Amino acid sequence: MRFCNYLHKPVISLLFLVLISSSLFAQRDSRVRIATLLKNSGNYEQALDLYLQIYKSGKISKPLINDIQECYEKLKRYKEAIQFLNEIIKRFPDDFEYRVKLGRAYYLNGEQEAAFTLWEQLIQKNPKNAYLYRIIGSALIELRLYDKAVQVYETAIKNANRQQSLYRDIAMIYRAQLNYKEAAASYLNYYRFYPKQFGYVRSQIISMTGDSAVVLQIIEAIKEHKKEFKAQTGVDEILADLFLRAKEYDQAFSVYLELHRKSPKTNYLYRFINKVSSNRAYSYAVKGLKLLLKESKTPKQADQYRLELARNYYLWGVQFSKKGDADEAQKKVDLALKITDRILSNQSPSVYHWAALELKGDIFLDFYEDTDRAIQNYSLILKTKSYFRNKDRVRFKLARAHLIKGDLENANQYMNEIKSPSYQTIVQYFKAEELFYKGKLTGARKAFAELSVKLRAEDSLSNNVLGRMILLNRAQQDSALLAKYGEAEFLIRQKKLSEAARIFEQLAYSNSELSPQCAERAAELLTKLGKYDRVEALVKEMNSRYPDYVNMDRLIFILASAEERQKRWEDAFQSYRMIMTNYPDSFYLEKARERARRLKDRIIKDQVQ
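Numbers 358 to 966, taken from this note's numbering, label the letters of the sequence shown in order.
Worth flagging that the hints you see were computed from the coordinates, not collected in a lab. All figures in this text were calculated on a predicted structure; none of them were measured in a lab. Accuracy of the hints is not assured; some may be wrong.
To be verified - Distance condition first, Cα-Cα at most 27 Å in a straight line; then the derived DSSO-like pairs of lysine-lysine:
1. K740 / K657
2. K688 / K632
3. K679 / K647
4. K680 / K748
5. K538 / K447
6. K740 / K776
7. K619 / K654
8. K841 / K776
9. K433 / K447
10. K853 / K888
11. K888 / K924
12. K604 / K647
13. K695 / K680
14. K853 / K795
15. K888 / K811
16. K853 / K788
17. K632 / K695
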């Protein structure tokens, strides 16, 4: 019993002490929380008073010191901050972080020399301390003393061990200053020491190349880097990509060819071919593919390069066709067909055999508009047991070919055979369009409405579906008008542009609700057909009747383009000026301004001559 009583007293005392200490802790924690809330809400004066109470009570911690310093700075009481930090340094003489903060306070108080002297003394006394360099650099960056921060980081790289990662920080500082050349040089130095970071370095350098002038600066930085340091494959690859961005294709080809010769198994040259082809520089793609074809090791590999060669010749031909050079276009397309026939002549068909058939079908369908020969080539693919993966794509092309022929029944049959999920929305769109072409307007409205629910905003079909829904809802009272509109759209799909233009032109002059919209479609088609006098008459009539039409700027732009094609420079210049003057928010404003500037130079040049 006594023993229990003896124990009872210390336990009560211990509990009492715990309760008191818990209360004191809660009180202290409460004061810190309140002070932090005051600080975060911008009440720095009240927060500082509370922080100082805690500090004077002897409850000192690094977070508390930082909070007090922050409040002094926010209140611009820099002299008191200096006095406070000097007191802290006396308490913690070995913690140079507070000396760095003191330098910051000196700088904010207008005592720049004192700040720089203090930081320099710290570095001289601790030349190997990597952490010191980093906190001084951070302080300088916060004060926007970027050049000084670069100097500190460069000194760290020189004096401290394994601090080459600071090249990345230096690069970021130069980027903040928009000094992209030095930023690129710093990223390249970072890559020298961390070659596994190639992906990061490449992405950072490429992300700076939005401006063509910047691309040239970075190219210069890379050239200087290559002169100074041992060659790295990654640096050459970045340089080649930048040459591509600058459209310096000869230089890009030289670098990629050198990379290819050093490492033929890494597909550097094939990478170059894909990039120049996507940039529509087909002559360079052809050049690279011819070289790879000569070096091919197996018949299958040779067919792969032949297929790509044929595809690039074809795209090159299309490019010439768009520029109006029919002879050169024909030569290139003929070469493409010759190469596809070479692939098809092989005794043992490979995947490239079927791909060559598909390409041949594309050429007949889109270049020659020979639907029968296109269908013939596409159909051969469907008869084989191979090539399963892309058969739905071929079915879609067959449906399109039959649609162009005006054979909706066969087109619909091929569409119904498509099962791939990736094609389902486009199949549904085709069926909705088919209803519209046939004048089945109620069914078309329903089909487009159902499709609009399935499509995401970023889907390429969204705008087409929305346009059809607006059209069908705006003029739903005039079914005859919409039926004629659908008939004209179907004629366009059949490549019967002249007939479609005639219908749209009639609808434009019909003084209906859709007249301006029909005029747009007619003007587009008439421009393609070279009927410029009809374009001019139509646009002027619409501008007179419907001056507030939402797309009048587009109609005027079409007119200006037609006038330019007729070499009526002054008329085209005035039409572009009309867009610039009357439609300051137009989508065509920048194009109009650019063309007007070019035409003005031409007009002045003609007047001088």
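Status of the hints after comparison with the structure:
1. Taken as a hint, the K740 and K657 pair is honoured in the structure, with Cα atoms around 22 Å apart against an allowance of 27 Å.
2. Between the alpha carbons of K688 and K632 the distance comes to roughly 24 Å, so the proposed pair stays at or under 27 Å and holds.
3. Between the alpha carbons of K679 and K647 the distance comes to roughly 25 Å, so the proposed pair stays at or under 27 Å and holds.
4. Restraint check: the Cα-Cα separation between K680 and K748 comes to about 33 Å, which exceeds 27 Å; the hinted pair is violated.
5. Note on K538 and K447: the hinted pairing is violated, with a Cα-Cα distance of about 45 Å set against a maximum of 27 Å.
6. Our distance criterion of 27 Å between C-alpha atoms is met by K740 and K776, whose separation comes to about 17 Å.
7. For the hint pairing K619 with K654, the CA-to-CA distance comes to about 17 Å; that is within 27 Å, so the pair holds.
8. Using a Cα cut-off of 27 Å, the hinted pair K841 and K776 is violated, with the two alpha carbons roughly 33 Å apart.
9. Taking the CA atoms of K433 and K447, the gap is near 23 Å; set against the 27 Å cutoff, the hint holds.
10. Between K853 and K888 the alpha-carbon distance is near 15 Å, which keeps this suggested pair within the 27 Å criterion.
11. Pair hint K888 plus K924 holds up; C-alpha atoms about 14 Å apart against a cutoff of 27 Å.
12. Between the alpha carbons of K604 and K647 the distance comes to roughly 21 Å, so the proposed pair stays at or under 27 Å and holds.
13. Taken as a hint, the K695 and K680 pair is honoured in the structure, with Cα atoms around 23 Å apart against an allowance of 27 Å.
14. Restraint check for K853 and K795: satisfied, since their Cα atoms lie roughly 17 Å apart, inside the 27 Å limit.
15. As the CA atoms of K888 and K811 are separated by approximately 40 Å, the hinted pair breaks the 27 Å bound.
16. For the hint linking K853 to K788, the alpha-carbon distance of about 21 Å falls within 27 Å, and the restraint holds.
17. A C-alpha spacing of about 24 Å is found between K632 and K695, which places the hinted pair at or below 27 Å, so the restraint holds.
In summary, the structure is inconsistent with hints 4, 5, 8 and 15 from the numbered list given earlier, while agreeing with the others.
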